[in-house]
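Asker: The residues making up each chain are set out below.
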Amino acid sequence: MTASPQGRPGHGLTVALFATCINDTMFPGTPRATVEVLERLGCTVVFPREQTCCGQIFTNTGYFDEAVPSVRTYVKAFGGYDYIVGPSGSCVGAVRDQHPILAQRSGDAGLQREVAQVAPRTLDVSEFIVDVLGVTDVGAYFPHRVTYHPTCHSLRVVKVGDRPYTLLSKVRGLELVELPDARQCCGFGGTFSLKNADVSVAMAADKARNVASTGAEYLVAGDNSCLMNIGGVLSRQNAAVKPIHLIEILAHTEGN
Amino acid sequence: MTTERLTPAPPPGELIDSPRFPVAARRELGNAQQRRNLHHATRTIRDKRAQAVGEMDNWQELRAAGGAIKSRVLRHLPEYLEQLEASLTRNGATVHWAGDAAEANRIVIDLVQQTGSTEVVKVKSMATQEIELNEALEESGIAAWETDLAELIVQLGHDRPSHILVPAIHRNRSEVRDIFLAEMGNYGTPPPPGLDDDPVNLADAARGHLREKFLRARVAVSGANFAIADTGSLVVVESEGNGRMCLTLPETLISVVGIEKVLPSFEDLEVFMQLLPRSSTAERMNPYTSIWSGASEGDGPQNVHVVLIDNGRTKALADPQGRTALRCIRCSACLNICPVFEKVGGHAYGSVYPGPIGAILNPQIRGTDSAVDRSLPFASTLCGACTEVCPVMIPIADLLVHMRSKVVDAKKAENTGVHLPHAEPAMMKAGAWVMADHRRLEAAQLATKTSGKVLGHFTDHIGALPWPLSKWANARDTANPPTQTFRDWWKANRAQEEQK
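Here the protein sequences line up with chains A and B, keeping their order.
Using my numbering, you'd call the opening residue of the first sequence number 1 and step up by one each time.
Using my numbering, you'd call the opening residue of the second sequence number 1 and step up by one each time.
Because the hints were derived from the structure by calculation, they are not lab data.
The hints are all genuine.
Using 20 Å as the maximum straight-line C-alpha spacing, the simulated SDA-like pairs for lysine to any residue come out as follows:
id, chain 1, residue 1, chain 2, residue 2
1, B, Lys-411, A, Arg-105
2, A, Lys-242, B, Gly-463
3, B, Lys-48, B, Asn-58
Please take these sequences and the hints and turn them into a complete structure.
Answerer: In structure tokens form, the structure reads like this:
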């Protein structure tokens with residue numbers, strides 16, 4: 001991007017980065033890429049260090065009381081920000097959909113009020129770039145053949161719609177090939193992959209087969225947990241396809 | 001005492017004693033033929049449904065209307081039921097109330113015995129499957145003949161239904177032919193010799209077999225898709241015409257109907273007659289819709305009985321969130337779209353209600369005492385495809401999570417730890433403590449960073465992990481944990497510039 005700082009779409013906007021615990025710990029390249037892209041677009045990015053986790057590992061396993069501390073931590077970390085942006089459909093979806101339920105469960109009226117303020121301000125990075133910044137071409141360059149898996153929570157909870165396709169279609173050099181049966185779940189499902197391991201593996205194998213059939217070099221998605229699942233099977237099968245988060249493609253620029 | 005059975009015996013054992021879902025699912029996954037059958041059948045019907053629904057530009061409005069009507073029914077269920085009883089009685093039907101399956105079965109048995117008949121023909125009905133009426137009748141010396149083609153295949157195959165709408169979805173046509181050849185002749189008109197697996201010929205064989213039963217029967221048993229409170233009408237929606245035969249030929253008609261099937265007024269059918277066929281069989285309109293309002297002199301059954309059953313429904317009704325599952329119109333769209341159901345089929349769910357709807361309905365109406373019912377809410381990846389297709393807007397994925405919390409709450413209250421792995425509550429508690437404070441998360445990250453450093457000396461990925469993570473690593477490689485977390489990177493590269 002060659003525009004002057006004032007001319008950039010994110011100029012004057014402060015974004016609180018919701019890195020998510022899994023990305024922070026296991027996939028630090030993804031929140032780094034988020035920082036890179038948002039700064040390139042002119043935003044001021046901050047990382048509230050008090051943040052931990054969206055709590056869905058507890059919620060989705062049925063442990064609602066155990067999820068409440070994560071909700072408290074979340075509102076404490078992000079309470080002061082207008083834009084809270086995370087590179088995960090699943091974690092963003094958990095904040096928006098589940099935090100109100102958990103706050104109600106806590107019986108704490110103050111927490112309910114805070115969640116009502118903070119949860120709706122939490123956006124997936126693809127929503128923020130397209131809807132808030134109004135940008136579809138982020139100036140990325142990625143000369144590879146890729147296929148996109150719409151993860152279930154970005155598709156059906158956050159409802160990112162065609163935003164990721166739009167963003168990918170503007171990446172220079174990128175060839176996007178259609179993934180057969182794209183909307184079918186990859187079988188991850190958090191603790192489902194342990195509690196119902198056999199079904200999970202059968203589903204992941206279907207997804208991996210469909211991915212491999214595209215001949216793509218990269219499998220792209222908006223959630224690293226799903227990529228870890230599909231990528232893990234692909235790696236075990238010695239398939240050449242590499243998993244990559246959408247924002248990491250968007251962070252790539254020419255000569256970079 | 002040796003007892004000769006009248007009808008084919010189902011598999012031994014009680015459904016409620018079924019193994020936990022993960023165990024049953026593993027068993028079903030091993031059936032390669034069934035997996036092929038299910039894959040083919042679910043894909044076909046999914047695509048057809050998408051097409052049938054895609055034709056409607058007001059589909060979302062119809063869904064909203066269907067959900068709203070059902071919600072109103074559930075909010076005012078006692079009033080609508082009393083109105084239904086009064087209307088039915090006025091129309092010459094006799095209304096019976098049954099609290100549970102045993103009571104309902106007793107009522108039906110008494111009614112059949114009063115006619116002196118020792119057999120009944122049956123319209124496909126989930127309510128009678130739920131209360132296991134056929135076996136109760138058999139024990140009382142009454143033969144119950146299923147007349148829906150797929151239910152006939154299941155019955156003759158000594159099998160259980162594996163799907164709400166297409167109970168023999170796990171069978172292909174050559175299996176059907178084998179079942180017909182082996183069993184039909186034992187229970188009535190045999191199939192024509194040299195029967196092949198052409199669907200037309202299979203249907204002909206069934207038609208020939210059922211004909212004598214239709215013409216002979218003096219009693220029919222049905223369910224109902226809808227019970228209309230203001231007109232006192234019952235509605236059966238079907239495809240094959242077997243229902244029409246049962247509902248019109250015999251003298252006595254006994255309908256077993258769940259109390260949640262009531263609709264306020266005849267006009268409401270307008271919404272559901274659009275939602276149901278497109279969602280279930282992917283048809284614009286089903287071939288046969290039978291509506292009867294009590295008894296009509298000289299036309300059709302003269303002794304009309306309606307058995308309204310609770311059987312756990314009021315337990316679900318007591319939970320304002322959980323009760324939305326009672327909106328279900330048994331269309332099966334959630335089963336067909338479910339990637340888990342597609343892999344394992346209906347038998348893994350240990351209930352006549354399998355799939356996503358079964359996973360939220362069974363633990364409510366049967367309770368969470370059995371091992372299988374406790375495992376059902378976890379039989380989903382929470383992908384949400386079911387929620388998207390439900391014609392009455394049941395938030396199925398949200399209810400799965402809700403029911404998970406009910407199971408965990410029940411476990412905590414008992415504090416026995418028999419059904420859940422012992423380690424889980426402790427791990428969740430420890431996890432909650434870590435996530436309550438970022439300093440604890442940072443301390444925990446020291447361990448992943450260290451393991452990443454150590455592993456980095458030997459390998460670039462992890463191929464094996466200890467239990468329970470072995471379940472993950474048996475089929476998947478995992479990258480080594482990074483040696484620098486994001487927050488470390490931020491601290492080193494950005495935190496200094498950040499003025500907060």
